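Number of protein chains: 2
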Amino acid sequence: MNNTPIPLGPKADKATVRRHNLSLVLRAVHDAGDATRAAVATRVGLTRAAVSSLVEQLLENGFLTEWGKTSSGQAGRPGTVLKVARTGPAGLGVEINVDYVAVCVVDLAGTDRVRLVEHVDNRGVSPSEVLGRAAQLAARALASAAEQDLTPVGAHVVVPGLVTGGTVRQAPNLGWTRVAVEGLFAQSLSALAPARRPLPVSSDNEANAAALAELWYGAGTEGVRSFLYLTGEIGIGGALVVGGELLRGAHGFAGEIGHMVVDPDGPLCPCGAHGCLEQYAGQAALLAAAGIETTAGVLGVAELQRRVRRADPDALAAVERAGRQLGCVVSGAVNLFDPDAVMLGGFYRALTRWLAPAVEHELALRVISGLWAKDSGRLRAASPLGDAARGAAGVIVQEVLADPAAFADRGDDD
Amino acid sequence: MNNTPIPLGPKADKATVRRHNLSLVLRAVHDAGDATRAAVATRVGLTRAAVSSLVEQLLENGFLTEWGKTSSGQAGRPGTVLKVARTGPAGLGVEINVDYVAVCVVDLAGTDRVRLVEHVDNRGVSPSEVLGRAAQLAARALASAAEQDLTPVGAHVVVPGLVTGGTVRQAPNLGWTRVAVEGLFAQSLSALAPARRPLPVSSDNEANAAALAELWYGAGTEGVRSFLYLTGEIGIGGALVVGGELLRGAHGFAGEIGHMVVDPDGPLCPCGAHGCLEQYAGQAALLAAAGIETTAGVLGVAELQRRVRRADPDALAAVERAGRQLGCVVSGAVNLFDPDAVMLGGFYRALTRWLAPAVEHELALRVISGLWAKDSGRLRAASPLGDAARGAAGVIVQEVLADPAAFADRGDDD
Chain A
1 MNNTPIPLGP KADKATVRRH NLSLVLRAVH DAGDATRAAV ATRVGLTRAA VSSLVEQLLE
61 NGFLTEWGKT SSGQAGRPGT VLKVARTGPA GLGVEINVDY VAVCVVDLAG TDRVRLVEHV
121 DNRGVSPSEV LGRAAQLAAR ALASAAEQDL TPVGAHVVVP GLVTGGTVRQ APNLGWTRVA
181 VEGLFAQSLS ALAPARRPLP VSSDNEANAA ALAELWYGAG TEGVRSFLYL TGEIGIGGAL
241 VVGGELLRGA HGFAGEIGHM VVDPDGPLCP CGAHGCLEQY AGQAALLAAA GIETTAGVLG
301 VAELQRRVRR ADPDALAAVE RAGRQLGCVV SGAVNLFDPD AVMLGGFYRA LTRWLAPAVE
361 HELALRVISG LWAKDSGRLR AASPLGDAAR GAAGVIVQEV LADPAAFADR GDDD
Chain B
1 MNNTPIPLGP KADKATVRRH NLSLVLRAVH DAGDATRAAV ATRVGLTRAA VSSLVEQLLE
61 NGFLTEWGKT SSGQAGRPGT VLKVARTGPA GLGVEINVDY VAVCVVDLAG TDRVRLVEHV
121 DNRGVSPSEV LGRAAQLAAR ALASAAEQDL TPVGAHVVVP GLVTGGTVRQ APNLGWTRVA
181 VEGLFAQSLS ALAPARRPLP VSSDNEANAA ALAELWYGAG TEGVRSFLYL TGEIGIGGAL
241 VVGGELLRGA HGFAGEIGHM VVDPDGPLCP CGAHGCLEQY AGQAALLAAA GIETTAGVLG
301 VAELQRRVRR ADPDALAAVE RAGRQLGCVV SGAVNLFDPD AVMLGGFYRA LTRWLAPAVE
361 HELALRVISG LWAKDSGRLR AASPLGDAAR GAAGVIVQEV LADPAAFADR GDDD
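Residue numbers (the working numbering), protein chains in the order written: chain A, 1 to 414; chain B, 1 to 414.
By construction, these hints were calculated from the structure, which means they are not laboratory data. The reader is advised that the hints may include incorrect statements.
Cβ pair distances, simulated, as ranges [what the hints assert, rightly or not]:
| hint | chain 1 | residue 1 | chain 2 | residue 2 | range |
| --- | --- | --- | --- | --- | --- |
| 1 | B | Arg48 | A | Val17 | 17 to 27 angstroms |
| 2 | A | Gly370 | B | Asp263 | 16 to 26 angstroms |
| 3 | B | Leu59 | A | Thr47 | 57 to 67 angstroms |
| 4 | A | Ser144 | B | Ala219 | 36 to 46 angstroms |
| 5 | B | Pro198 | A | Gly370 | 28 to 38 angstroms |
| 6 | A | Val17 | B | Arg19 | 48 to 58 angstroms |
| 7 | A | Asp34 | B | Pro198 | 28 to 38 angstroms |
| 8 | B | Gly266 | A | Thr42 | 24 to 34 angstroms |
| 9 | B | Asp263 | A | Val17 | 54 to 64 angstroms |
| 10 | B | Arg48 | A | Thr47 | 24 to 34 angstroms |
| 11 | A | Gly370 | B | Ala219 | 31 to 41 angstroms |
| 12 | B | Thr164 | A | Ala302 | 41 to 51 angstroms |
Over the 10 angstroms line for every Cβ pair with chain B, so calculated as not near, a few chain A residues [to be verified]:
| hint | residue |
| --- | --- |
| 13 | Asp34 |
| 14 | Ala39 |
| 15 | Arg86 |
| 16 | Ser126 |
| 17 | Glu222 |
| 18 | His251 |
| 19 | Arg310 |
| 20 | Ala333 |
Far from chain A by the CB rule (all over 12 angstroms, computed), these chain B residues [said to hold, decoys possible]:
| hint | residue |
| --- | --- |
| 21 | Lys83 |
| 22 | Ala109 |
| 23 | Ser126 |
| 24 | Thr164 |
| 25 | Ala180 |
| 26 | Gly220 |
| 27 | Arg225 |
| 28 | Gly238 |
| 29 | Gly370 |
Since the model is a prediction, treat every value here as computed from it, not as a measurement. Heads up, the beta-carbon is just placed ideally off N, CA and C, and yes, glycines get one too.
Excised from the complex, chain A in its bound form (with noise of 0.2 angstroms):
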């Protein structure tokens, strides 16, 4: 990684530094909201002239815009202010989950412009009639971004499952093994919204779109830079981000929370083990401890945390006996891996006023760092349900901010 050596002489290859170096400016910008030249020149170590000649090719190509002047008010250009364009290039993300369907708009800004939520239940049905129905989610998306100027250059598709190469190697709550996700889904999404190019489509695990959510837009993050991301759904997601990068294991795998055990013996999960810690804090087991019917989605959701907010004794010892487990294995997670702090998403995030205790009693308990104290704030609730498309769109809002230059001629297109 760091074996490469500072050029002594020149050789370097001009065009690949200019590209390089696009990207830094327009990161520049990006990371502090607005900047003058001056103040981009001082930040990315280049020379002004030289960051004037690459501002005039972002704003030329619509990733940039010039606002105003600003108050220290040298006359001309190098003191206006400049932003990200509002306009132009954007990420499509798109979430399948075992009971909802979502998709998302980002700028390149990092707003979610677009936002549309569909209450499914996906179990029991093909992949390419959950796919179909996600395209035409999307197709209505991509309606409402081009109203706003917004043209979406790829889609980043997350399911909760394995994903490795464009296909979902196995989704245990939604049943589905070996499906080929990006290919199903631009085909349908081409039926839909035919385009001169189509749209490049990618794809992930939904944890981990849902963790780069948390550390992109996040407010719980803010100077957290390595976490442990839970997400409370059928099953269980769960993402590591250390010094701000997804760690993704080596084979793309990592995070895998949902299937630590509890108890070896335990019951029967649909990965093929006993005793996972899905079968304890997952949605169907918790709503069943709390005799809610386990089928009955976010609805079931809502109910049990109209119970514990009444203080209902089944529901308020069902939640607390699912924190304890869950609890013994973030521990373990946090004994670890040694995360700055533990996010809480999905349908736990509505429960982490009541779920919170038991997991910080055997957090104090059992990390031995001895820095997850009780009032230490190290676990905190997630974003609200729905970001992990939101992170999706953000992985293409990535992409064009690492490599500004290979989106340049996408903008007018379609």
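Following the hints, put chain B in place on chain A, whose structure we already have.
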């Protein structure tokens, strides 16, 4: 990380660039084993003239040596083979464990040139006495190193516990709390082996050093860049290597797999929690389960090995049970972290043949990626006992390789 601009103009500090390139050249020779100047130039992407000048400095300062001529037979120096020096700068590693102390001197090529191990029960002995004993062993190692013209430029002390900022925060199995390990060791050593310039002392967790030894010097990690390392001692140490680098966690406390929970209502652990893995698969627990005196240390492990070898039913049952419990916890760690391999170190190494079937059974059943089937070869025996000391010495060697200029004037000192 990637936000450094590729410098368009000059302005890069020439001394810094040269220092960086000295390391590049030294590492290139180190990694290749031996190399001509021309091969080095190709590998690092610098001109042959630049490489020759850097090589000259590295030869003068004793980091490199020249050997014979290559068969390709161009006349003069360019065809001479370079190797890293087998004399001069070296690393001193010191491993404090519960029932032994080990020291190791490693040369720049990574060979362990001195190795001393003293079996001793450190439980209930004061930290200053233990560190004094380690310093005696280190002084003997330094004398042996001097006889071989090796000059350790730093000592790295590793301890089975949480180590940060030169202090052992907690080492439950040694009974240490808040021990200023670096200061105490440096003090003892300078009294025993006075030097014009005292040896700089650094410190870390013992399992981290053992994992690094496995990464740098182990045979089992050939081509493996991400692995979980487990070391069975009185306690159970753990470390995570991701993409060839130690994953330290946000506060340096990652890898504490010994305190992942098997049963929340299980036996009390010295850490204060109940049912930690150590209480099931640590040395004392395993010996007790097999009916062997738990304070027998290495002799106890040897006895256990003898008994499983002759198929003693109690011993086999104890190892099999520990393997299942270890397997459940390790499966959870693999689901979370998705490594390429799991390495069994410490006393597990001697028992791998009998432990592995049970551990592999759980891995095959519980790891949802499906990559850990019984014949996957991903569970492996690690390097022999004591290699944490070699890894610790290697940490110093890596510091020299990373910035030889910082150590250029140390060679002839004492």
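So, going through the hints one by one against the coordinates:
no.: 1; hint: B/Arg48 to A/Val17: 17 to 27 angstroms; in the structure: holds (24 angstroms)
no.: 2; hint: A/Gly370 to B/Asp263: 16 to 26 angstroms; in the structure: holds (22 angstroms)
no.: 3; hint: B/Leu59 to A/Thr47: 57 to 67 angstroms; in the structure: violated (39 angstroms)
no.: 4; hint: A/Ser144 to B/Ala219: 36 to 46 angstroms; in the structure: violated (58 angstroms)
no.: 5; hint: B/Pro198 to A/Gly370: 28 to 38 angstroms; in the structure: holds (32 angstroms)
no.: 6; hint: A/Val17 to B/Arg19: 48 to 58 angstroms; in the structure: violated (23 angstroms)
no.: 7; hint: A/Asp34 to B/Pro198: 28 to 38 angstroms; in the structure: violated (53 angstroms)
no.: 8; hint: B/Gly266 to A/Thr42: 24 to 34 angstroms; in the structure: violated (58 angstroms)
no.: 9; hint: B/Asp263 to A/Val17: 54 to 64 angstroms; in the structure: holds (58 angstroms)
no.: 10; hint: B/Arg48 to A/Thr47: 24 to 34 angstroms; in the structure: holds (32 angstroms)
no.: 11; hint: A/Gly370 to B/Ala219: 31 to 41 angstroms; in the structure: holds (37 angstroms)
no.: 12; hint: B/Thr164 to A/Ala302: 41 to 51 angstroms; in the structure: holds (44 angstroms)
no.: 13; hint: Asp34; in the structure: holds (19 angstroms)
no.: 14; hint: Ala39; in the structure: holds (15 angstroms)
no.: 15; hint: Arg86; in the structure: holds (24 angstroms)
no.: 16; hint: Ser126; in the structure: holds (22 angstroms)
no.: 17; hint: Glu222; in the structure: holds (15 angstroms)
no.: 18; hint: His251; in the structure: violated (6 angstroms)
no.: 19; hint: Arg310; in the structure: holds (29 angstroms)
no.: 20; hint: Ala333; in the structure: violated (6 angstroms)
no.: 21; hint: Lys83; in the structure: holds (20 angstroms)
no.: 22; hint: Ala109; in the structure: holds (19 angstroms)
no.: 23; hint: Ser126; in the structure: holds (22 angstroms)
no.: 24; hint: Thr164; in the structure: violated (9 angstroms)
no.: 25; hint: Ala180; in the structure: holds (18 angstroms)
no.: 26; hint: Gly220; in the structure: holds (15 angstroms)
no.: 27; hint: Arg225; in the structure: violated (7 angstroms)
no.: 28; hint: Gly238; in the structure: violated (7 angstroms)
no.: 29; hint: Gly370; in the structure: violated (7 angstroms)
Hints 3, 4, 6, 7, 8, 18, 20, 24, 27, 28, 29 from the list above are not met by this structure, while the remaining hints are.
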